[in-house]
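These protein sequences, in sequence, are chains C and A. With our numbering, letter number 206 in the first sequence gets 259, and the count goes up by one each step, no holes. With our numbering, letter number 267 in the second sequence gets 1041, and the count goes up by one each step, no holes.
Hints in this document: simulated from the structure, not taken from any laboratory. Glycine included, every Cβ here is placed at the ideal spot set by N, Cα and C. Be careful, since some hints might not be right.
Claimed, not checked - Keeping only pairs whose Cα atoms sit at most 20 Å apart, straight-line, the calculated EDC-like set for lysine to aspartate or glutamate is: (1) C:294 with C:278; (2) A:981 with C:147; (3) A:981 with C:166.
Said to hold, decoys possible - Sample of chain C residues at the chain A side, in silico, Cβ under 10 Å: (4) 149; (5) 202; (6) 206.
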Amino acid sequence: MTSVMVSLRGVDKVFPRRKGASTVALEGIDLEIRAGDFVSLLGPSGCGKSTLLRIVGDLLEPTAGTVTVNGKSPSRARHDRDYGMVFQQATLLEWRRVLGNVALPLEVTGMAEPQRSERAREMLKLVELVEFADHYPWQLSGGMQQRVAIARALTLEPSLLLMDEPFGALDEMTRERMQMELMRIWQETQTTVLFVTHSIPEAVFLSTQVVVMTPRPGRVAGIVDIDLPQPRVFETREETKYFDKLVEVREVLRAEEE
Amino acid sequence: MGGLYRFIPLMVVAAPPISFSNRWLRSMVGFGVVLLVLAGLWEGYKLLGRTDLPLPVRADNRSMPHLWDIVRSIFEPARRGSEETLGWVLTKASLVTFREAVAGFLAGSVIGLGLGLLFVRSPLAERGLMPWVVASQTIPLLAIAPMVVLWAGKYRLPLWIPIAALAAFLSFFPVTVNTIRGLRSPSPTSAELFRSIAASPSQEFRKLRIPAAFPYLFTALKVAAGASVVGTIVGELPSGLPDGLGRQLLTFSYYYSSGPEKLYAAVLFAVLLGLTFVAVVALIERLVIPPTRRVAQ
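Only chain A is shown next, with the shape it has when bound in the complex (with noise of 0.2 Å):
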């Protein structure tokens, strides 16, 4: 490895690194492969289940609609007499749902950052509340959502607010922990070297442990951007408002026996919407963190 690496500098001068947008191709084309793949996997799954064989999932038209239908639905209208296609409305949707989802991701990224520089500061507090941290995520979202939402309304506080506060439920556990992970990342010897010149602990602190955990902190929002996705989808679900994704889920899966690639694309969105916003955190992290940075974890 010693060996490798000594060649390093060489390799810099010689022949560039692969370019941003090379390595964005190169992304791309890996996503579109997989895209393919899978696509072929349900096509060819719904072949087989024209032969006779006995198949875990039923692969008629209604269970698994073709991709084709569920993509020619996102064109059609989205109901019958009206002008607005479903993808329309699903787009609507995912705006509002995007809303929400950004209030709670960034309320629940303000707590999990919180609570980690408090956790690694007070080992007592990392005692004490770390057991109550790990047991708030097993506590199953869909059972909370209805009381949240009950409770918000008591104080007759916006619907998107309790929305957003189970989005931030789910989205801080990620950043406390790999937050707490971050801080402690440095090796002992750096710790060393910042105590041999006599640095301050808040030196310490913002010259080493904080640009240290910044990688670790990045991982954990892009988890906590999916997750507050998730979680305004659920916290949709039991709310009544009427314009979010979650509404439109619900609403679609009544009718699925009419319609079951409406209920498959509104899935669709809600999976691009998630997506969109790991990319746009990934995009900040670009911009953030050298690229050398970026390969932790």
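Excised from the complex, chain C in its bound form (with noise of 0.2 Å):
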């Protein structure tokens, strides 16, 4: 089944400025996202990767285009809740236990008490985190407090899982190991995910599609395959064909700036 998760057409994004300049973040996208895969939008930065992001997730209107997400528009999607958010903070509610951070979808839906704690337990179990439930977010580590953003964007189990630069902010130790954490969670929820990062090697590892996009305005300058096996392991960052696709990622991006 390779049904199409996210479609938009001619996507275009304007933003005015003072003195009825603007700036054109996004011009002519068309993209298709397959179910189950793993995308991700890799560009330098103000290359319109997160408005592209923000505009599937309805958090921002498109200038012209259209988009389907589940065949829905994006408003109506949001609001059947398909959508699971990560973002770059981890953006937890510092005055919650990290069990409540991971229960606020639950409670936003209006699920009942016992199940709303225990559904939010499978999912710290999901990042292995169960045990720090009644901790609160500033004792964990920032690679923690991410699993944390992670667990809480999957509870309401949604068909797609947004992630805007979510290991941006860690150190390169940690953000492999959360490569490894996502790469299981991806497997196990096989929900389809759009990823957003200015890394090439996050991007070749994790994806089954990496779209690279360009400034200036915000263009796709072309969708490269990754198809690497599955499951991606430690070792598949020593195969010599992850580094082809780096090579090959690498490539499209510098045929862009001549």
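Two chains, each in its own frame: build the complex with the hints.
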């Protein structure tokens, strides 16, 4: 089954500025994301990748073009709670314990108490933090906080997980651990992931497809299929094919610069 | 910073954070040290007064009584031929003032909170009214106090009402300003998070903005508590209310030349009253907000 999860047709995004000037953040974006895929939006800062993610997630309206998610409008999809979002900052509520943070989306949907905590605890098991349920966010490391944020994003079993540079604030070692963790979670939940990053190795290691974007205005420079074997493991980064894919992505980026 | 941050869980397990009593002890010691330094400066300045140095403020016993004279006066009769010590008189006066201040503080906090909520909900109201709110704080309290007391007298209201109103007038402002700041403190990303899970505006308000505003609100309430004592005393001056601290301050300033230490003692009680009120609010804050969040501001 290769149904389409996200479809973008001729999407433009223009941000008005003062004195009538405007910034073209995105221009003519056509993109299809298959259900179950892990797709990275890769590009330098200012290429509109976060803007594109927010348009898919109905946090921003496109200036032109059409977007469908699960065959619905993004607004419909958001109200059906098809999305889980993870940001660069964990954005945990500091006055809530870890369990309360993970349970927040369930609370918003009105799920009653014993089930709510049970479900939140399950999600904490998924990210292997169940023993930290009663901790406050400040008691956790940056990587652990981000795992809590991932658990929170997955509590409503979203069909689409939107991740905006989720590991951007972590050190390299933690980052690689988190990538492995995310691969495991993705395998277990079978959700579709749209992942924004400016790290080429990260995009290649994680994705089934890398969408390379270039700035001013933000456009899709090329799409690289990453057909490395699944599941991705520690040794994946040592395979020749992994290096080939790094080179391939890098060349798409460079071709655009010239 | 990231590196340090990752050690925090370890530290929590290895060494418990400084306990409540320990921290309390430390702040008390700090308070005592500052008190000693201030006392030393006061008496030191008086020593300088014995030399021929030209001093900006005179240091004789009438301008600056010895600290021990001030303290002793508290335990002596307030008036000649009276049994009551000055300390007891001032304690009774402080309690009267405290009650008025609490009434003013509560009224001011409710008004301040209401205005803050209104301004956050309605930018139009904020643009239109905020300048007036700011302007209100530049009105000299001393000038309007007699008017407010007069108006209240016209409607035969009990005396404490105009006094509490003046306290409220001083204390609502910090609450308004900090309510607005607090409710707007969540990051844009937090707002995006709530939007992404299709939370209703009222859910976002209750589960994000109000809890985020709490530390700001308590900072404001502590300022308001101090301000309400000031407002009460200023309100008492023209009211003719015979029992409050304001009246005592007024009386002792009339008889300053015959007993300057009594005025200083009354000032000391006013300061202690303000401190106590702020400490009570701080105690409530401790009970309401988990320890890690009090660092805000």
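Tested hints:
1. C:294 with C:278: 12 Å, holds
2. A:981 with C:147: 12 Å, holds
3. A:981 with C:166: Holds. Residue 981 (chain A) to residue 166 (chain C) sits at ~16 Å (cutoff 20 Å).
4. 149: Nearest chain A Cβ about 8 Å off; hint holds.
5. 202: Since the shortest Cβ distance to chain A is 9 Å, the answer is holds.
6. 206: At about 8 Å, which falls below the 10 Å cut-off, the nearest Cβ of chain A leaves the hint on residue 206 (chain C) intact, so it holds.
In this structure, none of the earlier numbered hints is contradicted; all agree with it.
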